[in-house]
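Student: First to last, the sequence lines map onto chains A and B. First residue of the first sequence: 0, per numbering that gives the first Met the number 0; consecutive thereafter. First residue of the second sequence: 0, per numbering that gives the first Met the number 0; consecutive thereafter.
No lab work stands behind these hints: they were computed from the structure. Some hints could be false.
In silico DMTMM-like pairs for lysine to aspartate or glutamate, Cα to Cα no more than 25 Å straight-line [what the hints assert, rightly or not]:
| id | chain 1 | residue 1 | chain 2 | residue 2 |
| --- | --- | --- | --- | --- |
| 1 | A | K210 | A | E185 |
| 2 | A | K210 | A | D73 |
| 3 | A | K134 | B | E49 |
| 4 | A | K77 | B | E39 |
| 5 | A | K210 | A | D188 |
| 6 | A | K210 | A | E189 |
Coverage of chain B stretches by chain A, computed from C-beta distances (three or more under 8 Å per stretch; other residues unrestricted) [as the list claims (entries may be wrong)]:
| id | segment |
| --- | --- |
| 7 | 19-30 |
| 8 | 38-49 |
We put the beta carbon where it would ideally sit given N, CA and C, even for glycine.
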Amino acid sequence: MSHEHHAHGPGGAHEHLPDAEERLGYYQTMEIAVRELLIEKGIITPADVRMAVEAMDARTPAQGARVVARAWTDPAYKARLLADGSAACAELGIDMGPTRLVVVENTERVHNMIVCTLCSCYPRFLLGLPPDWYKSREYRSRAVREPRAVLAEFGTVLPDDVEVRVHDSTADMRYLVLPRRPAGTENMDEATLASLVGRDAMIGVALVETKPPGS
Amino acid sequence: MTTPIAPRFTPGERVRVRRAFPPGHVRTPWYIRGCEGHVERLCGAFPNPEELAYNRDGLPAQPLYRVRFRQREVWPDYAGPGHDTIDVEIYQHWLEEVR
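Chain A with its partners taken away, still in its complex shape (with noise of 0.2 Å):
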């Protein structure tokens, strides 16, 4: 046996780095299972499929940004989102489908964030897929616990007198947060204000501030 093969392992065959780096779990098998029985039995097709996903990454959290700079602009829709989240959603185009939306605004004296304990209920519609760290068991049980400990690491530290209302999504309702409006933007226009709103500050783990986020 030369040198070389000595790399490739005792069996000698070239040893290739595995495509996942994790076995499939009990639920991504059965996904696969039921979506090609699906398509096996002609209900679905592979393009049906491919563009449920398509449609669901092109939501972005600008939809959302579009929605709190429209609020910060026109206080008479501003009433109507806080009232009735989804319609008023509707009335800038944005279809939430099934999704029942509460607003919670952010002010001098409350400051809102979101989480789902249970699993990871999201507004989807508007803000795109959740981040990672949504979905996480640490950010899911100590945002409950602890919300100012959380707020900190994220960069958010509020004072005492502002009381924080954590928001958990266990049932029908998805929530989105209206951050405050930053001061110094009084003579920015709702294009350029959507362009400050970044989907930490509509989950309420982050504020608004004068520049885009991640700028």
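Given chain A's structure and the hints, the job is docking chain B onto it.
Tutor: Then chain B, alone, in the frame of chain A:
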């Protein structure tokens, strides 16, 4: 269409979450069971998820509320100020009157 169950509670009313641990798919988090809070709003009526999970129709629909709790009453050693709160969605059959 089955008529939804009529709401028993009104916004502002004090309520307690049942301290019960039934098996199956339940949308009432463990940490809030037995806690007292007040009704923030009625969200409408929805098919009971405990029935939906087993492919039944979940009807009649259960009223769903958002209930607000004081964090210090949920977690006795809560580190933040006394006015911090948590809102949780709870179905009516999980709520009891507080007298």
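Student: Under the criterion that the straight-line Cα-Cα distance not exceed 25 Å, is the pair K210/A, D73/A satisfied?
Tutor: Within the cut-off at roughly 21 Å; holds.
Student: K134/A and E49/B were given as a pair; does the straight-line alpha-carbon distance stay at or below 25 Å?
Tutor: Within the cut-off at roughly 22 Å; holds.
Student: Check whether three or more residues of the segment 38-49 of chain B sit with their beta carbon closer than 8 Å to a beta carbon of chain A.
Tutor: Per the Cβ count (4), the hint holds.
Student: How about the segment 19-30 of chain B: do at least three of its residues have a C-beta closer than 8 Å to a C-beta of chain A?
Tutor: With 4 residues close enough to chain A, the hint holds.
Student: Mind checking the alpha carbons of K77/A and E39/B for me, to see if they're no more than 25 Å apart?
Tutor: holds (20 Å)
Student: Is K210/A close enough to D188/A, meaning Cα to Cα at most 25 Å?
Tutor: Given that 25 Å is the threshold and the Cα spacing comes to 14 Å, the pair holds.
Student: Would you check the hint for K210/A and E185/A, treating anything up to 25 Å between C-alpha atoms as holding?
Tutor: Measuring from Cα to Cα gives roughly 14 Å; hence the hint holds.
Student: Holds or violated: K210/A and E189/A, Cα atoms, limit 25 Å.
Tutor: holds (14 Å)
Checked against the numbered hints listed earlier, the structure breaks none of them; every hint is satisfied.
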